[in-house]
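Protein chains: 2
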Amino acid sequence: MADFDIDLMSCPLPKMDYDTIQLAHGAGGKLSADLIDKIFIPRFGNETLDKLEDQAVLNIPKNKIAFTTDTFVVDPIFFPGGNIGELAINGTVNDVAMSGAKPLYLSVGFILEEGLPLETLHIIALSMEKAAKQAGVKIVAGDTKVVNRGSCDKLFINTSGIGIVPNNVNISANRLTPGDKIIISGSVADHGMAVMTTREDLSFKSKIKSDTAALNGLVEVMLNISEDIHAMRDPTRGGVATTLNEFAKQSDVGIQLYSDKIPVKHDVKGACEVLGIDPLYVANEGKLIAVVGSEIAENMVEAMLKHELGKNASIIGEVVNDNKGIVVQQTGLGVNRIIDLPVGEQLPRIC
Amino acid sequence: MADFDIDLMSCPLPKMDYDTIQLAHGAGGKLSADLIDKIFIPRFGNETLDKLEDQAVLNIPKNKIAFTTDTFVVDPIFFPGGNIGELAINGTVNDVAMSGAKPLYLSVGFILEEGLPLETLHIIALSMEKAAKQAGVKIVAGDTKVVNRGSCDKLFINTSGIGIVPNNVNISANRLTPGDKIIISGSVADHGMAVMTTREDLSFKSKIKSDTAALNGLVEVMLNISEDIHAMRDPTRGGVATTLNEFAKQSDVGIQLYSDKIPVKHDVKGACEVLGIDPLYVANEGKLIAVVGSEIAENMVEAMLKHELGKNASIIGEVVNDNKGIVVQQTGLGVNRIIDLPVGEQLPRIC
Chain A
24 MADFDIDLMS CPLPKMDYDT IQLAHGAGGK LSADLIDKIF IPRFGNETLD KLEDQAVLNI
84 PKNKIAFTTD TFVVDPIFFP GGNIGELAIN GTVNDVAMSG AKPLYLSVGF ILEEGLPLET
144 LHIIALSMEK AAKQAGVKIV AGDTKVVNRG SCDKLFINTS GIGIVPNNVN ISANRLTPGD
204 KIIISGSVAD HGMAVMTTRE DLSFKSKIKS DTAALNGLVE VMLNISEDIH AMRDPTRGGV
264 ATTLNEFAKQ SDVGIQLYSD KIPVKHDVKG ACEVLGIDPL YVANEGKLIA VVGSEIAENM
324 VEAMLKHELG KNASIIGEVV NDNKGIVVQQ TGLGVNRIID LPVGEQLPRI C
Chain B
24 MADFDIDLMS CPLPKMDYDT IQLAHGAGGK LSADLIDKIF IPRFGNETLD KLEDQAVLNI
84 PKNKIAFTTD TFVVDPIFFP GGNIGELAIN GTVNDVAMSG AKPLYLSVGF ILEEGLPLET
144 LHIIALSMEK AAKQAGVKIV AGDTKVVNRG SCDKLFINTS GIGIVPNNVN ISANRLTPGD
204 KIIISGSVAD HGMAVMTTRE DLSFKSKIKS DTAALNGLVE VMLNISEDIH AMRDPTRGGV
264 ATTLNEFAKQ SDVGIQLYSD KIPVKHDVKG ACEVLGIDPL YVANEGKLIA VVGSEIAENM
324 VEAMLKHELG KNASIIGEVV NDNKGIVVQQ TGLGVNRIID LPVGEQLPRI C
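As given, the protein sequences belong to chains A and B, one line each in that order. Each residue of the first sequence is one higher than the last, beginning at 24 in our numbering. Each residue of the second sequence is one higher than the last, beginning at 24 in our numbering.
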């Protein structure tokens, strides 16, 4: 079921009185307690969460923190390369990490549909446990709501995250400066196309897998090269095109993309062509875009190439003085085309 | 529509290209930007949120913080005395405040159903703005997802919150000590019965209003009397009965409730009788239970009585040595009855 390697033999679904989620599992009574005790605490437990207070009290050693929230509604909830639970951990870890912060603590809020198989929730909780461990973060606060059948689609997950920002780091979408280089950590459009190609009416065979991954380890490597990263973001919904447009507008600069530098895997490119979708607009869940001064760009890429999640890193463009607020890509023919913000919704419920 | 006094004349829905939520409003592109610029930033804007980064970077002056999350799925989204937006602000402010912390920052995650009228979202955002101002908290991070029609019920809201815990405060469900007094800040069951009596098939006339309110101001008054509050919680889902059971179990003590001390408003009591529901099990959204040493209990109540949200505060019971883990209420006849955790779901989607 899950692509994340989950061993249900060594960690089977605990014996419970019901096989599926009941409204009472969200009511705060005995069944709520049962769900927390048997499904969540064994997976997420730590000295803070185990207290079962309504809030986590945390010791924060430094005084600048990053705080972020994201809700996950991806459909289907299991897709090649991952599932909604893993995505919910990695997505929020990444949003914290993109500020240069070290992610430390997460909260998790579930909305469950009455009738959801408990085994599904168990597998998702297992994936979340594994993803949180890999990223080195603790789940310290949680909430579960159950809605009646038909009032949500299986389950939705909100995660919020807290991290510590190093003192000298100041990463922001408004710090792009002409001459800066645009770096991408690897191939684009993997996550979005993995989800798209599994949707029922697009079931052509493909080996495309989501790239969902926690990027905080890669960010640490990058900050060791230089703390002076100007801007950084993970190009999720709306893809690389949207992130770069936001950068260009917020810094009031132009962005020039090199024509043939943006890495796209062969299968992904094929699927995009079949569906008529530009990979620059497709969601990624384990990639980052960094904007750095040209003097450190080569060193930065070199360091990234040595990390598993940066092994296809490359410089894909630069910040320019003209075309303020606009992203331009040179085509193979030497013509410039404007990479605008997407207007409609190509890929609903991708994350 | 909203009970919270919203002046749409002075703050009308901005002119937008659509009247209802489209899938593209959640896609991260132009329509997403439009929604953020016209509906959310005018309501929630502040120097942190306006940066439109994927995470808020916050200066935290002290080193112990409270962190909490809660998802709101209340049905209907407008009810007498409030709406889902106001509830989402107050609920998370209260969860932070119950640790004795001063709530400072909130994140907001929306799940919107395609087709939701923009005016509904606008009114809810206005209520949230007002509630956040009243509570003195800033919304510093946000996320919006849109799901296709039928995949959620109108809208759900997750809020996560951060606050600063004063150094000498140590409030916890495991600090109840025999002899301690149980204080409630006012009448019980208002919120739950306000929602129940508005559900379609229970439309008997009543004047019951939700008690939704931010309790951080009251908590400040209480901490001024003594920082040594042993335990504190807002009895939301599952009501007073559930909160006290959790306290009794986590501290391994008994709780004895006085028979006639629990304040229930006349209309609320009537509605509970008609529906066959015990008010002790019904959700509150603007009440707190505090457990304090007997030597300070009277002073604490006296101070609470002077605050708008504590004007019906009273001592409703005490912590005892016997009946460990159990909550007992003396009935009018002098017989003890056990107030157990609720087993089923009496009131789905109450918050």
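Check each hint, because a few of them may be wrong.
Note: identical chains are not told apart, hence a pair may lie in one copy or across any two.
Listed next, the in silico SDA-like pairs over lysine to any residue satisfying Cα-Cα at most 20 Å (straight line) [claimed, not checked]:
hint, residue 1, residue 2
1, LYS125, ASP283
2, LYS74, GLY277
3, LYS272, ILE319
4, LYS329, PRO201
5, LYS292, ASP176
6, LYS125, ASN82
7, LYS177, GLU136
8, LYS272, ALA56
9, LYS288, LEU298
10, LYS53, LYS272
11, LYS74, ASN191
12, LYS87, LYS161
13, LYS177, VAL192
14, LYS232, VAL287
15, LYS38, GLU243
16, LYS125, PRO140
17, LYS38, PHE67
18, LYS74, ILE349
19, LYS38, GLU296
20, LYS347, ALA326
21, LYS272, ASP57
22, LYS334, VAL244
23, LYS74, LYS347
24, LYS292, ASN344
25, LYS87, LYS125
26, LYS156, ASN346
27, LYS87, LEU127
28, LYS334, GLU70
29, LYS125, ILE83
30, LYS347, LEU246
I should point out that these hints are in silico values taken from the structure, not numbers from a laboratory.
Quick rundown of the hints versus the structure:
no., hint, in the structure
1, LYS125 x ASP283, "neither (33 Å within a copy, 53 Å between copies)"
2, LYS74 x GLY277, "between (51 Å within a copy, 19 Å between copies)"
3, LYS272 x ILE319, "neither (24 Å within a copy, 58 Å between copies)"
4, LYS329 x PRO201, "neither (28 Å within a copy, 60 Å between copies)"
5, LYS292 x ASP176, "neither (30 Å within a copy, 36 Å between copies)"
6, LYS125 x ASN82, "both (14 Å within a copy, 15 Å between copies)"
7, LYS177 x GLU136, "both (5 Å within a copy, 15 Å between copies)"
8, LYS272 x ALA56, "between (48 Å within a copy, 12 Å between copies)"
9, LYS288 x LEU298, "within (15 Å within a copy, 61 Å between copies)"
10, LYS53 x LYS272, "between (52 Å within a copy, 13 Å between copies)"
11, LYS74 x ASN191, "between (35 Å within a copy, 19 Å between copies)"
12, LYS87 x LYS161, "both (19 Å within a copy, 16 Å between copies)"
13, LYS177 x VAL192, "neither (40 Å within a copy, 40 Å between copies)"
14, LYS232 x VAL287, "within (13 Å within a copy, 57 Å between copies)"
15, LYS38 x GLU243, "neither (41 Å within a copy, 44 Å between copies)"
16, LYS125 x PRO140, "neither (35 Å within a copy, 39 Å between copies)"
17, LYS38 x PHE67, "within (18 Å within a copy, 45 Å between copies)"
18, LYS74 x ILE349, "between (50 Å within a copy, 19 Å between copies)"
19, LYS38 x GLU296, "neither (48 Å within a copy, 37 Å between copies)"
20, LYS347 x ALA326, "neither (31 Å within a copy, 59 Å between copies)"
21, LYS272 x ASP57, "between (50 Å within a copy, 14 Å between copies)"
22, LYS334 x VAL244, "within (13 Å within a copy, 57 Å between copies)"
23, LYS74 x LYS347, "between (52 Å within a copy, 19 Å between copies)"
24, LYS292 x ASN344, "neither (31 Å within a copy, 70 Å between copies)"
25, LYS87 x LYS125, "both (11 Å within a copy, 17 Å between copies)"
26, LYS156 x ASN346, "neither (44 Å within a copy, 40 Å between copies)"
27, LYS87 x LEU127, "both (13 Å within a copy, 14 Å between copies)"
28, LYS334 x GLU70, "neither (36 Å within a copy, 37 Å between copies)"
29, LYS125 x ILE83, "both (12 Å within a copy, 16 Å between copies)"
30, LYS347 x LEU246, "neither (28 Å within a copy, 53 Å between copies)"
The structure shown violates the earlier hints numbered 1, 3, 4, 5, 13, 15, 16, 19, 20, 24, 26, 28 and 30.
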